[in-house]
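Go ahead and model the full structure; you've got the sequences and the hints to work with.
Which chain is which? The protein sequence lines are A and B, in order. Start counting the first sequence at 1; every next residue gets the next number (the working numbering). Start counting the second sequence at 1; every next residue gets the next number (the working numbering).
No lab work stands behind these hints, which were simulated from the structure alone. Ideal placement from N, C-alpha and C gives every residue a C-beta, glycine not left out. Some hints here could point you the wrong way.
[What the hints assert, rightly or not] Calculated pairs, EDC-like style, for lysine to aspartate or glutamate (alpha carbon to alpha carbon, straight line, at most 16 angstroms): (1) Lys57/A to Glu96/B; (2) Lys78/A to Asp63/A; (3) Lys70/B to Asp26/B; (4) Lys108/B to Glu44/A; (5) Lys42/A to Glu44/B; (6) Lys70/B to Asp22/B; (7) Lys108/B to Asp26/B; (8) Lys73/B to Asp55/B; (9) Lys3/B to Asp29/B; (10) Lys3/B to Glu44/A; (11) Lys83/A to Asp62/A; (12) Lys83/A to Glu18/A.
[As the list claims (entries may be wrong)] Part of the chain A face toward chain B, derived, beta carbon under 10 angstroms: (13) Ser9; (14) Tyr35; (15) Glu44; (16) Ser55; (17) Glu56; (18) Met89; (19) Ala93; (20) Ser95; (21) Gln102; (22) Pro103; (23) Gly107; (24) Gly109; (25) Arg111.
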Amino acid sequence: EPEVTQTPSHQVTQMGQEVILRCVPISNHLYFYWYRQILGQKVEFLVSFYNNEISEKSEIFDDQFSVERPDGSNFTLKIRSTKLEDSAMYFCASSGTGGRNQPQHFGDGTRLSIL
Amino acid sequence: AQKITQTQPGMFVQEKEAVTLDCTYDTSDPSYGLFWYKQPSSGEMIFLIYQGSYDQQNATEGRYSLNFQKARKSANLVISASQLGDSAMYFCAMREFNQAGTALIFGKGTTLSVSS
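Written out as structure tokens, the structure reads:
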């Protein structure tokens, strides 16, 4: 069964450094998402992306965050000048269409640790 | 106000028994979808089941069923014949369709422990 893949599985970065989290969504999917889960807390929406532009973003997704689909397969989340509070599990997800009953399929996540 | 409330931080069940995980939601949008995801200790998020607000029947997927009570705004997940592999965190999530949004709003989750 096709799946969303994320790399790396664990990223350790010094505070203030830039980090890029990578995702390969399911190949025929059109909508892409990033979520984060701070340890022990609920999953929070960051951003959705469709047709090469952001379709929705949350308050968390401020100027230090950006997303990009640099080619036909990858979808990236960049965090500029990381902060300690950016430490979390970051999930990429994709869905086939924006259809109402379309589940978002999640990758296994990237655990980001900011030191 | 919380849009998704899961009041059970932890639930315990014996193997082969059924268990119900509670989820209540809050929305003024008449058109919405409710999703349940499973997160094992390894961390991945696995989609389990979907219920639309206009669906006439409760959703079922194998051993998973959704007890949808629209007037009470509840969408409880029922797992029948629990297995050891069902031990995980379970999240209820909602998407509000008339908001034209795509975000899933998650609850805080319920940890299910299945014992033999």
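Chain B contact restraint on Tyr35/A - CB to CB distance below 10 angstroms = holds, 8 angstroms
Decide if the proposed pair is consistent with the structure: Lys3/B and Asp29/B, CA atoms, cutoff 16 angstroms inclusive.
-> Holds - the C-alpha atoms of Asp29/B and Lys3/B are around 12 angstroms apart, at most 16 angstroms.
Straight-line alpha-carbon gap Lys57/A to Glu96/B, limit 16 angstroms = Between Lys57/A and Glu96/B the Cα gap is close to 15 angstroms, so the pair holds against 16 angstroms.
Given Ser9/A as an interface hint, is the shortest Cβ-Cβ distance to chain B below 10 angstroms?
-> Nearest chain B Cβ about 9 angstroms off; hint holds.
Go through the hint on Ser95/A and say holds or violated, using the shortest Cβ distance to chain B against 10 angstroms.
-> holds, 8 angstroms
Taking the least C-beta to C-beta distance, is Ser55/A closer than 10 angstroms to chain B?
-> holds, 6 angstroms
Does Glu44/B lie within 16 angstroms of Lys42/A when you go C-alpha to C-alpha?
-> Holds - the C-alpha atoms of Glu44/B and Lys42/A are around 14 angstroms apart, at most 16 angstroms.
Evaluation of the interface hint that places Ala93/A against chain B, nearest CB under 10 angstroms = holds, 8 angstroms
How about Gly107/A: closest beta carbon in chain B under 10 angstroms, or not?
-> Constraint on Gly107/A satisfied, holds at 7 angstroms.
Does the alpha-carbon distance linking Lys83/A and Asp62/A stay inside the 16 angstroms limit?
-> holds, 13 angstroms
Would the stated hint for Pro103/A survive a check requiring a Cβ distance to chain B of less than 10 angstroms?
-> Status holds, d = 4 angstroms.
Hint status (Cβ of Arg111/A to nearest Cβ of chain B, threshold 10 angstroms) | Because about 7 angstroms separates Arg111/A from the closest Cβ in chain B, which is inside the 10 angstroms limit, the hint holds.
Consistency with the previously given hints is maintained throughout, with no hint failing.
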